[in-house]
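Trainee: My request is simple: use the sequences and hints to build the entire structure.
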Amino acid sequence: MPLGYGAATALKDKDGVSDPNTGVLPVSALTFEHEGEVHDVYAVPMPDGTTRELALVEPGRESSVFIDPGDPGAGPIEWDGRWRTLEPVTGLNPQWGNFAEAWNTISFLRLTGWTLMYALVTMVLTVVSSAVVAYGFARFRFPGRGVLFGLLMATILLPPAVTLVPKYAVFLQMGWVGTYLPLIVPQLFANAFNVFLLRQYFLTIPRELEEAARIDGAGPIRTFLRVIVPQSVPALTAVSLFHFFYAWNDFFEPLLYLAGNRDIVPIGVGLSYFSGVYNSEPHLILAASLLALALPVAIFLAAQRVFVQGIVVTGVDK
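Per the UniProt record's numbering, the sequence shown starts with residue 1, numbered consecutively.
If you are wondering where the hints come from, they were derived from the structure by calculation, not from laboratory data.
Just so we're clear, the structure is a prediction, and the values are computed from it rather than from any experiment.
The beta carbon of each residue, even a glycine, is placed where N, CA and C say it ideally should be.
Careful: at least some of the hints might be erroneous.
Derived CB-CB ranges, DEER-like [to be verified]:
(1) V165 <-> V277: 46 to 56 Å
(2) S107 <-> G75: 46 to 56 Å
(3) A259 <-> W96: 45 to 55 Å
(4) E211 <-> R262: 53 to 63 Å
(5) L148 <-> M174: 19 to 29 Å
(6) K167 <-> R305: 29 to 39 Å
(7) V277 <-> P88: 26 to 36 Å
(8) L25 <-> V124: 37 to 47 Å
(9) A259 <-> S107: 10 to 20 Å
(10) L109 <-> P159: 44 to 54 Å
(11) P88 <-> V124: 55 to 65 Å
Mentor: So this is what it looks like as structure tokens:
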């Protein structure tokens with residue numbers, strides 16, 4: 001429902017957004033061009049009891065002249081009455097140009113390029129690091145494994161605000177503030193939620209497959225790459241999509257670490273700047289927001305089956 005309302009508002013003109021009588025759909029008053037002039041169209045009651053949609057050519061106080069937009073050659077039609085009491089005729093009039101205006105105003109290609117770079121690079125890093133850590137917890141036995149896994153899971157409960165100031169202070173001392181390094185480098189150290197999801201999936205893979213690979217002379221790394229990874233495509237896809245959508249919508253950390261460098265901000269921060277400048281034109285803001293949603297929605301629809309499979313199978317014994 002909110003998405004539909006936003007799409008309808010994005011297709012309105014500025015007057016339609018501010019007019020409370022226009023309703024939800026992008027409608028506007030119909031007009032008719034005649035002899036180089038634009039005339040409004042009204043619903044005019046006729047003496048025979050019918051109502052006709054006529055264009056007002058010569059407004060008068062007690063009598064006005066109209067013309068039929070469907071048959072202007074029929075000539076003028078005189079009507080007795082006050083034209084101000086007539087209801088204007090409205091119709092659907094979507095403003096598709098709002099999307100083009102938002103695209104050009106917000107420098108969408110530049111924002112999309114930086115966002116794709118941020119989302120794809122961090123997605124690859126977090127999937128690789130989380131898969132390696134999850135494989136270690138799922139298959140290797142070592143002292144303190146349960147305690148370490150419990151501590152890792154406990155970090156999920158840690159509010160991000162607790163680590164915000166220390167992380168910013170460290171990155172500031174390292175000279176990374178103003179670059180993407182504070183956003184990319186931490187992905188090399190896995191993510192607790194992704195580790196949990198992948199570990200649960202790895203536990204459902206039969207150990208006989210790994211034992212067969214071990215008999216053939218495969219070591220842990222080769223077994224992981226040749227056996228575990230091909231069997232875990234649904235879970236890896238789910239984790240990839242989780243992080244891609246998170247990075248695509250990430251706002252606070254890019255706003256914090258890229259402060260003062262607006263040329264490389266991702267699309268979430270760019271939209272906030274855009275809404276701040278064009279806060280009196282919500283139709284353009286919503287048009288830009290829908291453009292930003294297009295790629296993630298398309299990716300999710302394309303990978304929906306594998307994504308759902310990775311979520312459903314996780315934690316279910318085979």
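Trainee: Next, verify each hint and record whether it holds.
Mentor: These are the hints, each one checked on the structure:
Between V165 and V277 the CB atoms are about 30 Å apart, so this pair departs from the stated range of 46 to 56 Å. Between S107 and G75 the CB atoms are about 53 Å apart, so this pair conforms to the stated range of 46 to 56 Å. In this structure the supplied range 45 to 55 Å is violated for A259 paired with W96, their Cβ-Cβ distance being about 35 Å. For the pair E211 and R262, the supplied restraint of 53 to 63 Å holds, since their beta-carbon distance comes to about 55 Å.
Taking 19 to 29 Å as the suggested C-beta distance range, the pair L148 and M174 conforms, at roughly 27 Å. In this structure the supplied range 29 to 39 Å holds for K167 paired with R305, their Cβ-Cβ distance being about 37 Å. Between V277 and P88 the beta carbons are some 33 Å apart, a value that agrees with the proposed interval 26 to 36 Å. Judged by the Cβ atoms, the range 37 to 47 Å given for L25 and V124 holds: they are separated by roughly 43 Å.
The hinted window of 10 to 20 Å between A259 and S107 holds, with their beta carbons roughly 19 Å apart. In this structure the hint that L109 and P159 lie 44 to 54 Å apart at CB is violated, the actual value being about 36 Å. Taking 55 to 65 Å as the suggested C-beta distance range, the pair P88 and V124 conforms, at roughly 56 Å.
Checked against the numbered hints listed earlier, the structure breaks hints 1, 3 and 10; every other hint is satisfied.
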